[in-house]
Amino acid sequence: MKASAFSYARPTSVSNALELLHAHGDRAKVLSGGQSLMPAMNLRLISPELIVDIGELTELRGIAVTGHGVRIGALTRHVDLARSGEIAAHAPLLVEAISHVAHPAIRNRGTLGGSLAHADPASELPACMLALNATIVVRGQAGERRIAAQDFFTGIYETALSPEELLVAVELPAKPKNSAHFFHEFARRHGDYAILGLAAQAIVDADIFSDLRLAFFAVGDRPVLARAAQKLTGVAVTSAVLSGASTALAEELDPQDDQQASASMRRHLAKVLLVRCVTGLLGRPDLDAGGSA
Amino acid sequence: MTAQVQISLDVNGERVDAHVAPRLNLADFLREHLQLTGTHVGCEHGVCGACTVRVNGDIVRSCLMLAVQTQDASIETIEGLSDSGEIADLQAAFRDRNALQCGFCTPGMLMAAQDLLKLEAEPDRDRIREHLSGNYCRCTGYQAIIDAIETTARARAGRAP
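Protein chains in written order, with the working numbering: chain A, 1 to 293; chain B, 1 to 161.
Careful: at least some of the hints might be erroneous.
[Stated by the list, open to error] To give a feel for the contact side, a few chain A residues facing chain B, derived at Cβ under 7 Å:
| id | residue |
| --- | --- |
| 1 | Ala5 |
| 2 | Tyr8 |
| 3 | Thr12 |
| 4 | Gln35 |
| 5 | Met38 |
| 6 | Gly191 |
Source of the hints: derived by calculation from the structure; they are not laboratory data. Idealized CB from N, CA, C, for every residue including glycine.
Between the sequences and the hints, there should be enough to build the whole structure, so can you do that?
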C-alpha cells in the first residue's frame with residue numbers, strides 16, 4: 001500500500017523542529033531514517049497529518065568521545081555506528097548488536113534515535129541502551145531532559161518522550177576496566193526481529209562479576225533488565241549459583257505468547273542465553289549443568 | 001496542506017527537477033515519473049528488497065524513502081548500473097548460472113550483490129548470504145544467485161571461477 005497524504009516540513013534547526021512539534025502535537029510525526037515509520041505509514045497503521053523531516057539537522061549527527069563517556073547524536077545511522085572506531089573502542093556491544101539489525105540497505109538509513117523513539121520491544125538497540133546504562137537526551141521548548149534508559153521505554157512503541165519533544169542524543173558512560181559484553185538473539189532468519197535476545201554488559205574482576213547488566217528483549221512490552229543478575233554478582237559463580245539465577249530469571253520474566261513462540265519457549269530460550277552469556281563471559285564452559293536450545 | 005514540494009536531484013548522472021506530493025515514495029517516483037521501471041515494487045514495506053537502489057553510494061530501500069527526501073541526492077538505479085557496464089560481468093554470471101527465473105527480484109539482487117563486491121574483494125558464501133538476507137527470491141533461486149556472485153567475485157579477484 002501507499003502512505004496516505006500528509007504535509008511535509010523540513011526544519012533547518014532543532015528549535016525550528018521543536019516549534020513545529022509544539023504547534024502540531026501528536027498530529028505530527030518526526031521522520032528520521034524512516035525505516036520503522038515508513039513501513040507503518042505504507043501499511044496505514046499510522047497516518048500523521050504532518051511529517052517533520054529532521055534528516056537535514058546535521059547538529060544531531062555524529063559520535064563524540066567526552067570526558068564522561070560517548071555521546072551519540074540521534075541521527076547517527078546504524079552503519080555509522082558499525083564502522084566507528086570510537087564505538088568499537090567504547091561500546092563494542094553496539095557493533096555486535098547492529099549486525100543483527102535488519103539488512104544492509106536498512107542499516108544505511110536507519111538511525112539510533114529513530115530506533116529508540118520507535119521502541120519496538122523486539123528490537124536490539126533499546127536493550128543495548130539498558131545494558132550500557134545509557135542516558136537518553138530529549139529536548140522540548142521548555143528545555144532538555146535526561147532520562148535513564150531504564151525509565152525511557154514504557155510499553156509497546158511507547159516511551160517517556162512527549163509528542164512535543166525530540167530525542168537528540170544518547171550518552172554512554174565511559175567503559176570501565178575489565179568490562180566485557182555478550183550479545184545473542186534467536187530469529188527465524190538473519191536480520192528478522194528477535195524471537196528472544198540478550199544484550200549484556202559486565203565487569204569481571206578475577207573471575208567474579210563486580211557488575212552484570214542483563215537486558216533481555218522480545219520478552220514483553222519493553223526490554224527488561226533482569227534482577228536475576230544480582231544472584232551472579234559479587235560471588236564465585238558455581239553451577240549451583242548459575243542454576244539458581246536461571247530459575248530466578250524464569251520466574252521474573254513474563255513473556256508474551258505469539259505466533260513466533262509461546263511464553264514457556266521464551267522462558268526456556270532466556271535461560272539458554274543466560275547460561276551461554278555467563279559461561280562465555282567467565283570463560284567457564286564447565287558451569288553449564290546441561291540443557292540446550 | 002499537502003502541497004507539492006519541488007525537488008532537484010541527480011538520477012543516473014542526469015539532473016532531474018520535479019514537483020512531487022510528499023506521500024510519493026522514491027520507488028514510485030522512479031517508476032512513474034521517470035519511467036525507470038527496472039526498480040521493482042514488491043512488498044512496499046521494506047521486507048522484500050526488490051526496490052533496492054543506491055542513494056549517495058549506499059544501497060537503500062526506495063519504498064522506505066520519500067521522493068522529497070532526495071533533495072540534492074545522487075540516485076543510481078539498475079538502469080544506471082546496467083548502462084554504464086559496471087555490473088556487466090555480474091549480469092553475465094547471473095545468466096550463465098541461471099540465477100534468475102521470473103526476474104522480479106533480479107534488479108534488487110544485482111544492486112545488493114554489487115554493493116557487497118564493492119565492500120569486500122572475496123566474500124565467502126556465508127557473507128554473500130548475509131548481505132543478501134534482505135532480498136527475497138520467490139522462485140527459490142538462492143543457490144544459483146550465490147553461485148553467480150561467488151563466481152564474479154573470484155573473476156574480479158583475478159582467480160579462475
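A quick look at each hint next to the structure:
no.	hint	result
1	Ala5	4 Å, holds
2	Tyr8	4 Å, holds
3	Thr12	13 Å, violated
4	Gln35	6 Å, holds
5	Met38	4 Å, holds
6	Gly191	5 Å, holds
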